[in-house]
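Engineer: So the chains spell out like this:
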Amino acid sequence: MRQPVAIFQSMSQQSVANETVSLTVNGEQRDLPAGSSVADLLQSHNLDPRLVVVEHNRLVLRDRAAYASITINDGDAIEIVHFVGGG
Amino acid sequence: MTGGTLSTHATHATHDVPFEIAGREFRSRLMVGTGKYRSNEEMSAAIEASGSEVVTVAVRRVDLDRGNDESMLRHLDPDRYFLLANTAGCYSAEEAVRYARLARAAGFNEWIKLEVIGDEETLLPDVAGLLEATKVLVGEGFKVMAYTNEDLITALRLEEAGAVAVMPLASPIGSGLGLLNPQAIRTIKRRLTVPVIVDAGVGCATDACAAMEQGVDGILMNTGIAAASDPVRMAHAMKLAVEAGRASFLAGRMPKRETAMPSSPLEGMLD
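Taken in order, these protein sequences are the chains called A and B.
Note that the working numbering gives residue 71 to position 71 of the first sequence, counting from 1, and the numbers run on in steps of one.
To convert a position in the second sequence, counted from 1, into the working numbering, add 1000.
Don't read these hints as lab results, they were simulated from the structure.
From the three backbone atoms N, C-alpha and C, an ideal C-beta is built for every residue, glycine too.
Some hints could be false.
What the hints assert, rightly or not - FRET-style restraints, in silico, Cβ to Cβ:
{"hint": "1", "chain 1": "B", "residue 1": "E1121", "chain 2": "A", "residue 2": "R58", "range": "28 to 36 Å"}
{"hint": "2", "chain 1": "B", "residue 1": "A1227", "chain 2": "A", "residue 2": "T71", "range": "42 to 50 Å"}
{"hint": "3", "chain 1": "B", "residue 1": "P1078", "chain 2": "A", "residue 2": "N46", "range": "19 to 27 Å"}
{"hint": "4", "chain 1": "A", "residue 1": "R58", "chain 2": "B", "residue 2": "G1107", "range": "17 to 25 Å"}
{"hint": "5", "chain 1": "B", "residue 1": "S1248", "chain 2": "A", "residue 2": "A68", "range": "50 to 58 Å"}
Claimed, not checked - Selected chain A positions facing chain B (Cβ under 7 Å, derived; list incomplete):
{"hint": "6", "residue": "N26"}
{"hint": "7", "residue": "D48"}
{"hint": "8", "residue": "V52"}
{"hint": "9", "residue": "V53"}
{"hint": "10", "residue": "H82"}
Okay, chain A solo, but in the shape it has when bound (with noise of 0.2 Å):
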C-alpha cells in the first residue's frame, strides 16, 4: 500500500529510500532493509523476544507470534522495553 508513495520520496529525496526505511528505536534513528519485520529489528539487535515488549506506534504488541507478521514501515517509532531492577 505505501509502495508508491515510498518510490516518489525516492526520487525526489533520496535514491535507495525504497530499499530501507528510517525509524526511530528507543528515541535514536536506524535504517532498515524495507519489508523488515518486528522480528527482523530484534534479531538485528540480538535480542530474546521473551525477554522484552515491543510498542509499535505508541500500540504496545501484547502477541510475540505476531511480530514476524509486523511489517516496519518509513518514520514507524519503535519503543523495546525490559524488566530492570526497581523498588
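Please build the complex by placing chain B on the supplied structure of chain A, with the hints as guidance.
Structural biologist: Only chain B this time, still in chain A's reference frame:
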C-alpha cells in the same frame, strides 16, 4: 502440662490469617524491590534471604548496545517469584498507564504497582493523577496496587476506584526515615477493606517491625535492604522484623502507663 498442650500452644503462637490480595494468597508479608544492588548476585542472595515471594521490577528501554544483558529475567526465576512491575519514574496518569500496559505485555500477570510521582525532590505521589490512572487501569482489568501518601481520603478514593491494595508510604522513597506517621497508617488500615501495605521509607528492622505493629498487612521495601552495608544480612533482619511485628500486633500490646508497676510479688518479702 502434656506434650500435646505444649504443641497446641506453639501452633497458636504462629497462627495467622492468610496474606491475600485480590484473592491470591502470598506466602510472605514482605515484598522487596530489585533496584540499587551492587551486583545481581548480591540481589539474588538478598531476595532469597528476605523470604519474599513478591518482587518488584521497573520497565525501561533496552540499551540497544547491551542487548538483553540487563534484563531482570536473567537473574530472577519467574516461576519462583511473583514479578510485580512498577510505574516508577512516571509523572502523569497517561505515562503510568503506558508503562503498565507495557509491563502487562511481558506476559507474567496483570498486576501493577502504580506510582504517579508529583515532585522530583520528594517523590511524593500526585494523588489526582494516581486516582485517574487507577480508574483507567482497573477498567482495563489490571490489579492495581497503588503507592500513595498517608492521607486517608486518598486511600479511601483509591479503594473505591478498585485498587486491590493501597500502599501508603512510611516516609519518602529511598529516605530510610522510617515510620513518620503511625497514627495515619493505623487510621488507613482501620478504615479500608482492601489490604494496606506500607511502601517506602523503611530503613532498618526497627522500622519494619514498627510498621507491622500498626496492623498493616505487609511491607514493600527496596533501599532499606539494597543500601545496607550487608544487604543479605539486612534482608534476613527484615524478614524476622516483619514476622516479629506481625506477631506483636496480633498478640496485642500491653497498655502504656506513666508510672512503674512491679513485676515481682510485693508479698513474701523478708522482715
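Engineer: Evaluate each hint against the coordinates.
Structural biologist: Structure-based check of each hint:
1. At roughly 30 Å, the beta carbons of B:E1121 and A:R58 sit within the given window of 28 to 36 Å.
2. Our hint of 42 to 50 Å for B:A1227 and A:T71 holds, since their Cβ atoms are close to 46 Å apart.
3. Range check, B:P1078 to A:N46: Cβ separation about 21 Å, and the 19 to 27 Å hint holds.
4. Range check, A:R58 to B:G1107: Cβ separation about 20 Å, and the 17 to 25 Å hint holds.
5. The given range of 50 to 58 Å is respected by B:S1248 and A:A68, whose C-beta atoms sit roughly 56 Å from each other.
6. Taking 7 Å as the C-beta cut-off, the interface hint given for A:N26 holds, the closest approach to chain B being about 5 Å.
7. With a least beta-carbon distance of about 5 Å to chain B, the hint placing A:D48 at the interface is held under the 7 Å criterion.
8. With 7 Å as the threshold, the beta carbon of A:V52 comes within range of chain B, its nearest partner Cβ sitting at about 6 Å, so the hint holds.
9. With 7 Å as the threshold, the beta carbon of A:V53 comes within range of chain B, its nearest partner Cβ sitting at about 5 Å, so the hint holds.
10. For A:H82, the shortest C-beta to C-beta distance to chain B is roughly 5 Å, which falls under 7 Å, so the interface hint holds.
Hint check: no violations occur; every hint is consistent with the structure.
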